[in-house]
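Generate the whole structure from the sequences, applying the supplied hints.
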Amino acid sequence: MIEFQNVTKIYPNQNRAALENVDMTINKGEFVFLVGPSGSGKSSFLRLILREERPNEGQILVAGNDLARLTNWKVPALRRKIGCVFQDFRLLPNKTVEQNVAFALEVIGKPRRFIKRVVPEVLDLVGLEGKHDRLPDALSGGEQQRVAMARAFVNRPMILLADEPTGNIDPATSIGIMKVLDRINRTGTTVVMATHDAAIVDSMRKRVIELEYGKVVRDQNRGVYGQAY
Amino acid sequence: MRSNFVFQEIWVGLRRNLTMTVALIVVVAISLSLLGTGLLFVKQVDSTRTYWQSKVEISVYLCYADSANPNCHGAVTQTQTTNLEQRLKAMPQVQNVAYVTQAQAWALYKQAFSNDTSYVSTLKETDMPPSLEIKLNNPSADYNIVASAVTGAQGVDSVIDEMNILDKFYRLLDGLRNAVVIVALILVVAAVLLVANTIRLSAFNRRRETGIMRLVGASNFYIQLPFLLEGVIAGLLGWLLSTVLLIGVKSLLLNNLQQYFNYNVGLSTGDLVEVILLAMIIGVALCGLTSFLTLRRYLRV
Numbered sequence: 001m002i003e004f005q006n007v008t009k010i011y012p013n014q015n016r017a018a019l020e021n022v023d024m025t026i027n028k029g030e031f032v033f034l035v036g037p038s039g040s041g042k043s044s045f046l047r048l049i050l051r052e053e054r055p056n057e058g059q060i061l062v063a064g065n066d067l068a069r070l071t072n073w074k075v076p077a078l079r080r081k082i083g084c085v086f087q088d089f090r091l092l093p094n095k096t097v098e099q100n101v102a103f104a105l106e107v108i109g110k111p112r113r114f115i116k117r118v119v120p121e122v123l124d125l126v127g128l129e130g131k132h133d134r135l136p137d138a139l140s141g142g143e144q145q146r147v148a149m150a151r152a153f154v155n156r157p158m159i160l161l162a163d164e165p166t167g168n169i170d171p172a173t174s175i176g177i178m179k180v181l182d183r184i185n186r187t188g189t190t191v192v193m194a195t196h197d198a199a200i201v202d203s204m205r206k207r208v209i210e211l212e213y214g215k216v217v218r219d220q221n222r223g224v225y226g227q228a229y
Numbered sequence: 230m231r232s233n234f235v236f237q238e239i240w241v242g243l244r245r246n247l248t249m250t251v252a253l254i255v256v257v258a259i260s261l262s263l264l265g266t267g268l269l270f271v272k273q274v275d276s277t278r279t280y281w282q283s284k285v286e287i288s289v290y291l292c293y294a295d296s297a298n299p300n301c302h303g304a305v306t307q308t309q310t311t312n313l314e315q316r317l318k319a320m321p322q323v324q325n326v327a328y329v330t331q332a333q334a335w336a337l338y339k340q341a342f343s344n345d346t347s348y349v350s351t352l353k354e355t356d357m358p359p360s361l362e363i364k365l366n367n368p369s370a371d372y373n374i375v376a377s378a379v380t381g382a383q384g385v386d387s388v389i390d391e392m393n394i395l396d397k398f399y400r401l402l403d404g405l406r407n408a409v410v411i412v413a414l415i416l417v418v419a420a421v422l423l424v425a426n427t428i429r430l431s432a433f434n435r436r437r438e439t440g441i442m443r444l445v446g447a448s449n450f451y452i453q454l455p456f457l458l459e460g461v462i463a464g465l466l467g468w469l470l471s472t473v474l475l476i477g478v479k480s481l482l483l484n485n486l487q488q489y490f491n492y493n494v495g496l497s498t499g500d501l502v503e504v505i506l507l508a509m510i511i512g513v514a515l516c517g518l519t520s521f522l523t524l525r526r527y528l529r530v
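From first to last, the protein sequence lines are chains F and Z.
According to my numbering, numbering within the first sequence proceeds without interruption in unit steps and concludes at 229.
According to my numbering, numbering within the second sequence proceeds without interruption in unit steps and concludes at 530.
Honestly, the hints are just simulated from the structure, not real lab data.
All C-beta atoms in this analysis are idealised placements derived from N, C-alpha and C, irrespective of residue type, glycine included.
Per label pair, the in silico range of CB-to-CB distance:
hint	chain 1	residue 1	chain 2	residue 2	range
1	F	Asp137	Z	Val412	46 to 52 Å
2	F	Arg117	Z	Leu422	42 to 48 Å
3	F	Arg205	Z	Phe450	43 to 49 Å
4	F	Thr187	Z	Phe450	26 to 32 Å
5	Z	Arg437	F	Ala138	16 to 22 Å
6	Z	Arg437	F	Gly167	15 to 21 Å
7	Z	Leu469	F	Asp137	37 to 43 Å
8	Z	Val418	F	Asp66	42 to 48 Å
Below is the structure:
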């Protein structure tokens, strides 16, 4: 599903590589934790998958697309196969929960009848029953993140990228968020989650990829957050 | 394409920076109407020029008994007149030559100043030069050839260049038109900068929305269209305002000018419509293109 072949990314005017010679494969339906200290390259990794950045060297394959050969014109089609969740939720404050999720479908030109049908479904899936007409400000952090997940998942993407989705949320609420991500993963969606949250990684026992200074230092199935000494 | 979604976005965009939008509309309106006025002026000058050129004649004043010109040695003789007339008629550029006697010239003069007897009383028939009035086939092109052919010939007192008199008038009109067009162009530049700024502000105001649109895979077209149309709609509103101003310019200014000159060379409604349509194309193209170029800088993939 996602394949990095000797990928190196150096941002302009920086002498250290954000990612160096990263070589790994994430298969369809996998749940992967991306761990490592700040500045280790986790976000660069996700941005490369989205083709917000392009690598200096190496090849990236996402959902069957060679990103180096993908024309600008086709980038939107790639991004429709990828859902995204962020630490800061990125909801539109002047739209209701339902409108926020519907927005993602409206802007890719889906018919209104389709939107009316799938939006409530996905809101129920993430556990927001009865809160469809609230504005984001009237929701807790956990609930806002659920809206963001609903928006990321509503178009049934093949891949879900989560950049520290529990970073702004207390541990108890985080468990709920993880349950939703797990549920999404069980539908066959590949989930890649960058995180600092050791407790979550330890409890889920999924594949863990650890980055340090832009290099993969550990790739472990059913891993934990800290080094397995 | 969800058209009502796009229009909703445009409406939100226009409303969010209302002051910029109003400024933009006013500047577009004024620059387009000045540009249109310039174009109307060009048309007006062209039509008067054509009108006058068809009327223009060369007057060759012949010597008469009291001529002050040292070239004249007494009145022009009959043979000199016939020679001149034949020479002129032989020229291919000349359409017609008419001989005006002193008596006819005097009659014309009296008629021209019939309301002012002081002009008539100070002169008498013998002060009027006889003349040859030459009609040309193509006045603007052939003027100098014919005029120089007879200048200084025997029996010729002076050649009056009606074209020269008109040229001064046209230079004035041309200058006026150039001034209008220059001011219009400066305003057009201001309008372009304002469009760019408005769109930039608009893009900044909606960076959350556009960010999400990019992430969920909306096409560039879909992301940019509301902004593009925002510029175009502001341009259209400005154009609409300029149309009102242009109709005012035509009916108040140019029509009055025509009354003052007392000849029928007014601009038709067709001319006005042409200028208004041209203004629309310029306005829309300007706003659309500027928006497009601005968006390329501020809404990258």
